[in-house]
Structures are given as structure tokens and as C-alpha cells.
Amino acid sequence: MYSYAPLIVLILLMGASMWIGVVANRATEKGGGFLKGYFLGNRGLGSWSMALTATVMSGGTFMGFPSLVFEYGWVVALWIASYMVVPLCTFGVIGKRMGQLSRLTGAITLPELLRERFRSPALGLAASLFMIFVLSVGLVAQFKSGAIILQKVLPVVSLSAGPILGQQPEFVYGLIVFTLVVAGYTVYGGFLAAVWTDLFQSVLMAVGVLILLPLVLIKVGGLEAGTLASIQSAGPEFAYAPGRGRDFMTPQLAFSFFALWSIAGMGQPATLVRLMAFRDTKTLRHALFLLGVYNTLIYLPLVFIFVCAKSFVPELKSPDEAMPAVALAVASPWVAGIILAAPFGAVMATVSGYLVQISSSIVQDVYHRWKPDAPEQTLRRLSHSGIILVAVIASAATMKKIDFLQAIIVFAGGAAACAYLVPAIMAAFWRRANAAGALAALLGGSGTVVLLYVLPWIGVVSNADPLMGEKSSMYPIYLLGMTPFVWGMLVSLVLGVGFSLATPPMKEEDVAPLF
Amino acid sequence: MSPILQSSRREALGVLAVWLTACVWVVGYAILNAYRVESPPTLVLGMPSWVFWGIIVPWFACLAAIIYAAFWGIRDEELGEDHADEELPHGLEDLQHEGHA
Numbered sequence: 001m002y003s004y005a006p007l008i009v010l011i012l013l014m015g016a017s018m019w020i021g022v023v024a025n026r027a028t029e030k031g032g033g034f035l036k037g038y039f040l041g042n043r044g045l046g047s048w049s050m051a052l053t054a055t056v057m058s059g060g061t062f063m064g065f066p067s068l069v070f071e072y073g074w075v076v077a078l079w080i081a082s083y084m085v086v087p088l089c090t091f092g093v094i095g096k097r098m099g100q101l102s103r104l105t106g107a108i109t110l111p112e113l114l115r116e117r118f119r120s121p122a123l124g125l126a127a128s129l130f131m132i133f134v135l136s137v138g139l140v141a142q143f144k145s146g147a148i149i150l151q152k153v154l155p156v157v158s159l160s161a162g163p164i165l166g167q168q169p170e171f172v173y174g175l176i177v178f179t180l181v182v183a184g185y186t187v188y189g190g191f192l193a194a195v196w197t198d199l200f201q202s203v204l205m206a207v208g209v210l211i212l213l214p215l216v217l218i219k220v221g222g223l224e225a226g227t228l229a230s231i232q233s234a235g236p237e238f239a240y241a242p243g244r245g246r247d248f249m250t251p252q253l254a255f256s257f258f259a260l261w262s263i264a265g266m267g268q269p270a271t272l273v274r275l276m277a278f279r280d281t282k283t284l285r286h287a288l289f290l291l292g293v294y295n296t297l298i299y300l301p302l303v304f305i306f307v308c309a310k311s312f313v314p315e316l317k318s319p320d321e322a323m324p325a326v327a328l329a330v331a332s333p334w335v336a337g338i339i340l341a342a343p344f345g346a347v348m349a350t351v352s353g354y355l356v357q358i359s360s361s362i363v364q365d366v367y368h369r370w371k372p373d374a375p376e377q378t379l380r381r382l383s384h385s386g387i388i389l390v391a392v393i394a395s396a397a398t399m400k401k402i403d404f405l406q407a408i409i410v411f412a413g414g415a416a417a418c419a420y421l422v423p424a425i426m427a428a429f430w431r432r433a434n435a436a437g438a439l440a441a442l443l444g445g446s447g448t449v450v451l452l453y454v455l456p457w458i459g460v461v462s463n464a465d466p467l468m469g470e471k472s473s474m475y476p477i478y479l480l481g482m483t484p485f486v487w488g489m490l491v492s493l494v495l496g497v498g499f500s501l502a503t504p505p506m507k508e509e510d511v512a513p514l515f
Numbered sequence: 001m002s003p004i005l006q007s008s009r010r011e012a013l014g015v016l017a018v019w020l021t022a023c024v025w026v027v028g029y030a031i032l033n034a035y036r037v038e039s040p041p042t043l044v045l046g047m048p049s050w051v052f053w054g055i056i057v058p059w060f061a062c063l064a065a066i067i068y069a070a071f072w073g074i075r076d077e078e079l080g081e082d083h084a085d086e087e088l089p090h091g092l093e094d095l096q097h098e099g100h101a
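Protein chains in written order, with the working numbering: chain Y, 1 to 515; chain Z, 1 to 101.
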């Protein structure tokens, strides 16, 4: 029987997000100039906002990750293990220097920081254009995820009609509602709205997981009983590497994913821009502590929950149904609604953050550079219309059939990290680094990832299942068994150092004020 | 060299040391112990022993390192005056005029 509870919870969540947009708008208007407030929250992010929004958490975290545990077993704890060092990597490596450099250079966006640090308009433009490209690709996949979740909770009977542009009507209605809500609160509240909705959904996720854990453990009679029952149901491979039914986690992939989660997280544009927006170093230290505790409370319990769930939830048609299936099996529809609202909130927050960053690249890094004397009113109008335009285009692109959402999300995240992390580290710590090195690192790292993903996708090399990693409909090239991210980072590092050393250093008067 | 750069470099090296230790511990322990299927498995606190010793223990060791870094390891610094404004180009010229070089 259809339950309205999850739908009502999602409507409440969307209402709360709109309200957050209004509050964020008021906070943004209180600060200095429009651009710094709208795109950077007046550099006033506090510990909680930094801790719970600066790392890579999207809908995938709370839909995809549990489904992997349910499918492959305890080995997924190895897949996610490097979240133990994510807080240190995110805040302890370049956090303070990014905060300092962005203030010294007056940069509001990441491309602007690179441009000012290396005194290179070409680097700034390349960084902006690649950001617009890679975030737009990721945005399409995130829009699709949001619409799919809404589609699942919409009442099918009352809305059923003929297909609209080849899609089910529930999907189209879901997409329209999702686009209106996210674009609406993002336009109104800018960067702060994106960050605060992200914070809100992160708390919601923690509440959901901490409700689910005792319910599941009570149902199976404790973790030991749950592990043994799941092994009985799925076989002994469920407790070991490389995973049940497939070489999900080979030793090379174990290393690749340890590097991926901890290092790629540092290089995400969304993370780097938050490192330009925190209030002071005390905020950074407290955020480090909070994120360490939060990751421990979220990721380990999720593994326990979904290992145990294998013993009482039957095989699913789609592994992505694991979270809703478990929630509905042990909790009331209302609690299940809260648990389902968490990934939806995560998708909304991710989309909102992407929209702000794409808009900031278009307005601040391209238009404002072209028209330095543009009045604030024009920049304000352009920022708002940029967000609306990008949201509409991404939403329209979502109407096309996309089969490999998770692969696109991983591709976009990996490519972005390989583009920006090495230039950011060079900018922070290496006086000898120059624009040629940073540009080579950006193009070489991202180009490597793009190549290793795109060649099988366009059919230049075989897209046959390599019988390792996650089962998907699309596979990248795993050179020597490792993910494209590892190769992208390596190429980025070698080119960044090599080109910097092979070309003349920057003028001392340009570098000295920053070191 | 500015004090913030000095402390940032030192802290980044500390993070690198923790990262390398954790990576060797987690991946190394898994390679040695996680790929041999035992039936029935050896459990510690309800989980396979390789998960407990290879993931849970280093996880809490890293949490201890995080707590140390957050409350004692990372030094508080002044991040400097914010040069962002609505005029372009930003900061560097102002800095040079102010004699930061």
C-alpha cells in the first residue's frame, strides 16, 4: 500500500531548504561586497559548516555506499577505510595556506586564486573553463539522482499518464519540482544557502544512521549474530576480500581507493573554496575534530547496518534499493521517510554547491575579468540568471537517458581533483612553482583521467567488464589494476614539477608577498 | 619565510606521516590477512578479525591523531587582512605598496 510519509518528509525538507535560502540571503546582505558575500559567505564559515560540508558527500554516500556493503560484504570497509584520514588531509595540509592566500590575493574563487598566485590570466581562464565543464558533467548526474528519488516517493496511480518526452511522467514531475526548489533557494541564498542546506542534510544523515543502527542490531541479535547470519545467507566470501561474487576489491584497488577518498577529497573545487571561506584557524581546528567524530559515527555504523541487513533483506532487483528496503524493514514509514530524506538532501546540497561554483566561474572569472567596471547590480543579475540558466540546461540534459550515473559522478570528482590539487599544493608551498607548471599539472592531470574514462566510453578500446571493481555498465581503463585517479595525480605531479623547473621562475616581487 | 607558511609545512608533513602509516597499515594488513577465506571466520567484537585489526584499530588511532592535531598540534595563526573587494585586479599590487615584500 502506498505510504505518503516519505513524500511528506521530503516536502518538509524542501520547505526547510527554501527557508534556509531566505536566512542565507539575509546573512549574505549583511557583509561587505555582493560577490564576496554571494560566492564566499564573507569568509565567515564556522566549525560545523566547515566540518560537515567541506568533504565529498553526495547522494552516493548514502545510497551507493550502503548498496555496495549489501552487495559485496565486509570488504567495503576496506573500500571506505581512508575516511579515517580524510579530516586530517582536508584541513591539515593546505587549509591554513589556502585561507591565507585567498585573503592576501583577495581571491573569491579558486581560479582567481590560481590566477593571482601565479600571475597568469591564461591559467585562471583554463581553471575556470575546466571547472565549468567538469561541474556541469557532474551536475547532470546529480539532477538525475534527485529526480529519481522524488519519482520513487510520488504517488504513481494518481500521476500516471503517457510518457513525456520518452520519460515516465513521475520522473518529469520529480525533475521539475527538484529543479525549481534547488534553483530557487540557491539563487536567493547563494554560497551560504548551499553550505547551510549541506549542513542540515549532514545532521539528518547522522540522525538517520544512528536511529537505524540499534534497530538493525536488535533485529539480528547483535553484530556477531548478524555477521554469522549474513555469511550463512550470502556465503563465506561475504566476510573477506576481494568480496562476494566478484573481485570487487583487489589489492591494487584497495590502494587506489585509499588514495582516492583521502586525496581526491582535498582537491575538489567545493572543498578548496570552503578552505578559502573559513573564519579563522580556530574554526579549522574545531572542524577537524568534528569531522573526525562525524566520519566515525557515520561510516563504520553504515557497514555494520548493511552487513547485518543481508541476513533479513532478500536479494534486491537493484542494489540502490538497499537503503530504503532496510529502512522500511526495521522502522516505521515516518522514520524511513527521514532516512530517505537524507540522500535527497545530500543531492540537493551538492547540486546547489555546483550551481554556485559554476555561476561564480562565469560571473567572477570570465565576465568580471572582461568587464572590470561592471556595476554591482549587473553582477547580481548575472549571478542569479547564471544559476537559473545552468539549472535549466542541466535539467534538460537529464531528460536524455543516462545509464551510468555513479561512473559519471566518480569521473567528475576524479578529474576535478587531478586538475586542481597539485596546482593548489604548489601554490601553497612551493616558491619555485610557476604558471607553466601549474597549467601543465592542471591540463595533464585532468586530461589523463578524461582519456582513461572516455576511450572505452566512445569505443576506441574495449568496454568489456574487467571483472574487478564495482559492477557497472561502463568501465574506465584500469592501468596496472589501478583507478584513473592514481594515474591522473601522478601525471599532474610530474608535469607540475617538471614544467616549473624547466621554465623561468616567477619574478621575486610577485612571489615574495605571498611567502 | 612567514610563520604561517612554516607551521603549515610542518603540519602538512605530519599529516603525510600519518597518511603513510595508515595506508601501509590498512592496505598491508588487508593484503596479508583479508584475502584468505576461512569458514567459519574468526570474529573479534562481531566482525571478521582482519576488519578489526586492519581497519577499526587504525581508524581509532587516526581519531586519536586527529584529536591531538585539533587541540594541540595545529597552531593558531592570523590569516591576514582580506583584500577582496569589487575592484579588479585584486590584492598583490596593494600588498606590494604596503611593503609586505
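Everything labelled a hint here was simulated from the structure, so no lab data went into it.
Just so it is clear, the structure is predicted and the values come from calculations on it, not from any experiment.
Treat each hint with caution, since some may be false.
Under the rule of at most 16 Å between Cα atoms (straight-line distance), these lysine to aspartate or glutamate pairs were calculated in the EDC-like manner [claimed, not checked]:
id, chain 1, residue 1, chain 2, residue 2
1, Y, 30, Z, 77
2, Y, 400, Z, 38
3, Y, 471, Y, 247
4, Y, 152, Y, 321
5, Y, 282, Z, 38
Cross-check of the supplied hints:
1. Between residue 30/Y and residue 77/Z, the direct Cα distance comes to roughly 26 Å. Violation of the 16 Å bound is thereby established for this hinted pair.
2. As the CA atoms of residue 400/Y and residue 38/Z are separated by approximately 47 Å, the hinted pair breaks the 16 Å bound.
3. Of the supplied pair hints, the one linking residue 471/Y and residue 247/Y holds, its CA atoms being roughly 10 Å apart against a limit of 16 Å.
4. In summary, the hint linking residue 152/Y to residue 321/Y is supported, as the alpha carbons are separated by about 10 Å, within the 16 Å threshold.
5. In summary, the hint linking residue 282/Y to residue 38/Z is not supported, as the alpha carbons are separated by about 48 Å, beyond the 16 Å threshold.
In summary, the numbered hints that this structure violates are 1, 2, 5.
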